[in-house]
Structures are given as C-alpha cells and as structure tokens.
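Trainee: Here are the chains, one letter per residue:
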Amino acid sequence: MRGSPLLQLLGLVIALVLLAFPLRYLTSAQRTEAPPVNSQAAISNVKPVELKLVSSAVPFTFEIRFLGKPLWTGAAQRATETKTVQIPFPPEGVDLTIEAHWTSPGMDALQVTVTPGDQPPLSQTLWGDGKVSDTITLREGIQ
Amino acid sequence: MKFNRLLLALFLFFSVALRPAHAEDKLAIASFSTILTEIAQKVGGQEVTVTGLIQPGQDPHEFQLSPSDLQSVSGARLVLTSGKNLEHYFNNLRDATKADLLPVGDKLPSLKMQAGEDEKTAKSGFIEDPHWWNSVPNVEKATLIVRDELVKLDPAHADEYRANAQSYANQLEQLNSWVKQKIAELPRDQRKLVTSHDAFQYFAKEYGFKIYSIEGLSTEDEPSLRHVSDLIDQIRKQHVKAIFLESALNPKVSVEITRESGAKTGGTLYADGLGTGDGATYEGMIKHNVTTIVDALK
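First to last, the protein sequences are chains A and B. For what it's worth, the numbering used here labels the leading residue of the first sequence as 1, then goes sequentially. For what it's worth, the numbering used here labels the leading residue of the second sequence as 1, then goes sequentially.
To be clear, the hints were calculated from the coordinates, so they are not data collected in a lab. Computed from a predicted model, the values in this text were never measured in an experiment. Worth double-checking, as some hints may not be accurate.
As the list claims (entries may be wrong) - To give an idea of the chain B side of the interface with chain A (calculated C-beta under 10 angstroms), a few residues:
id: 1; residue: Arg94
id: 2; residue: Leu153
id: 3; residue: Asp154
id: 4; residue: Val179
id: 5; residue: Ala184
id: 6; residue: Leu186
id: 7; residue: Arg188
id: 8; residue: Lys205
id: 9; residue: Gly208
id: 10; residue: Asp278
id: 11; residue: Lys287
id: 12; residue: Thr291
id: 13; residue: Val294
id: 14; residue: Lys298
Virtual Cβ for every residue (Gly too), placed ideally from N, Cα, C.
Whole structure, please, built from the sequences with the hints as guidance.
Mentor: Structure representation (structure tokens):
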C-alpha cells in the first residue's frame, strides 16, 4: 500500500458514504401507499344511462338515489317518465335505491328500466301498497 | 274453625290459580349460539327460559364443552346449535342429552369452502361455511325454523310463538332494507372485503362483495407465509382501501398485512356472533358491521 494513511482513510470514508445511500434504499421497509381506489376505472365507466319509470297509477312522487345521493327526484303526472344521466356503470352493475308514493289506495307497481349506453335494457318491478322503498341491483344477468 | 279452613282452602286455591308463571312452567331452551339465543328469546317471549352457553364475545370455534355445560343442558327440552359442523362437540352433546337437538344452520342453504389443513372431516376437500348469520335473510329463515320447533314442542302457546316470530321477522326485513340502502352507497366495484378469518361469505353473496380472508374458515387456522404474501399482492393490485379486524381475534397478523400492503385498518367487525357494546343485539351487530365496512371502503 502506497500513499498517506490519512488519504487512504479519507478514501475509505468517501466510499462508505457513497455506498450508504443505495444500501439504505435497498434495506429499509417500504410503505406502499394504495393508489386512489379505482378512480381511473370509475371515470372510464361513466356513460350516459337512460332511466325509465313506468307506474301502474298516477300521480306519483319518486326519488332515485345512487351511491347515497339523490339522482332523480320528481312528481309525475304521467305513467311513464324518462331521464338520461351520466353515471359510472361498471361490469359489476349498479345499485339504485328507489322510493315512490302514490295517492291512490291499493297495490301499485313501478317498473324501473335502466339502459346503460349501447347495452341492452335492464329492468325490475317493485310492488307496494301506497308506497315502495327498496334497493335494487341492475346488472347483466340479473333481471 | 270450618270457616278458617274454608278461608285457607280458598287462599291456597287462588294463590295457585293466580300465581305468575314460574320458570318450571316455561319451555327450557339451551343455546350454543349468541344469535340463536336472541332468536329464541324473541320468538319464545314470556313462555320460555333461554340459557346461552356461549357468551357474547366468546369465540364459538374454540368453545369446549364442559361438564357444567352438560348440567345446564340437562334440564332443557330444546337445544339450539348453529350447525354446519361448527360445533365439533355435537356428537358428544347428542349422546349426553335427551332434549330435542336442533342444528338450525343445517336447514339453511350452504356455501362451500375449501377445507383447511386441520379440517379432517372434509373428504371432498370442501366444507360447509358455518357463518350463515352474517346474512340477514338467513336469520329471518332461522327465526321461522325456531318458531316451528317451539310450536311443535309447546302447541298450547303456538299463537304467541307465531305472533312473536312475525314481529321479529318484520324487524329483520326492515334491517335488511337498511343494510341494502347503506351498502348501495358503495360502488359495486369497490366492494372488496379483507377480514381476519373467512366468516363473511354469506354476507358477501347477499350484498355483492368479494372476500379476501387472512385465515381460513376457523379462527384456529394459521395463515401460511405464502398465503400472506399472495394476499398482500392482491390487496395492492385490487387497490383495497381497508382491512378489517375481528372483535374476538388477535389482530397481530392483520395489522402486519395492513402495514405491508399500504391499506388502512377499517375497524373491528363482529364475525362470530354477538358481542358487547354495539354488537350486544343482532340489529346492533349488523348495523355496526355494515357502517364500519361502508365508511372505510368509500
């Protein structure tokens, strides 16, 4: 070994310091933050969805809630009402909470039809005495 | 003297005729499930006495039948068990009691699960999932099963049992509507449930969740290192936001997986029956679980 021991020591210290950064990166526990949940997927699933209500009696009032928020509220004088909304419609389908009230006495029915984009329509019928209140799932394969 | 005797006779007659129903007149029921204890109390009302052998918060997977339990059971005319092979001591119980033994879950549709290494009874490699109570409609069906058994054993009070069962079933229907409405706040593609042990399949099937469990069906199952590693990968790939702990289990492995996967701890769930606090009643238990899950995954 040639050169001053002091210089040799300095060289060793510099080498160790340079090594410390990659070593620390390789050996420390990594905490991976979960990316925002399916935010990209949810955005790409947003499509125009036609909602259609067909009631056995008029007049009636209704509220349709989606993901806990009102999506369509109204007081209908006609038996059929339609509206197009922009909502995510993933392959797993959607849940809609439906509430409707009739003033006429006796059993009434409300057919809810959902047509997501260019897909075939999906529908369910709710029956109730003066009112209906239920949460329905609409997806392909469930009618 | 005669008058005194007459008075005494009248007193004895009325004291017997008008006395309140005593415990010995009531139909004695023993229950090996906290959920069934509640159902039996609701359906039986004033006409039954119910002894719960499994206490709230106790893990039914690890329950061991003791001689004192058999003493409690010996006076019962009806013994309720969860069924679906949850009670590994069922044969001993059957041999030890003359009471009617009703494994309620055996009368409900089953979901099959891959058997763990210690589940020797599974010849096909699959066993029945015993956690039927995590679906509210199943508890409604169980209520009717208990009602029919009480009517059979004590036809004199059939009307009371039918009325009580109808009233409790109505409550359960309202509860199920609430559950569906609350879960509808969560997009269906975000319904991914990571729990300590595999107790929520009936819940998942009923309300559209996908399950990733840390342990197997029984709380006695230990997860292998490979399973834990695969699960962490799944949690990352599926962007699962939260992992849930269970009230009756040690959270050590779950907490470690939570740390490694980057997810958060979503809260503690009641998986194996009633507990204390919010989970002291079935309605409270379900509302607690559903609110905890929805709020953590939203």
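Trainee: For each hint, tell me whether it holds in the structure or not.
Mentor: For each hint, the structure was consulted:
1. Arg94: Given a least distance of 41 angstroms, the restraint on Arg94(B) is violated.
2. Leu153: violated, 36 angstroms
3. Asp154: violated, 34 angstroms
4. Val179: holds, 9 angstroms
5. Ala184: holds, 4 angstroms
6. Leu186: Given a least distance of 8 angstroms, the restraint on Leu186(B) holds.
7. Arg188: Where the cut-off is 10 angstroms and the nearest Cβ of chain A is about 4 angstroms from Arg188(B), the hint holds.
8. Lys205: violated, 12 angstroms
9. Gly208: This hint holds: Gly208(B) lies near chain A, its Cβ roughly 7 angstroms from the closest one there, short of 10 angstroms.
10. Asp278: With a closest approach of 21 angstroms, the Asp278(B) hint is violated.
11. Lys287: violated, 16 angstroms
12. Thr291: Violated: closest Cβ of chain A sits about 12 angstroms from Thr291(B), beyond 10 angstroms.
13. Val294: holds, 9 angstroms
14. Lys298: holds, 8 angstroms
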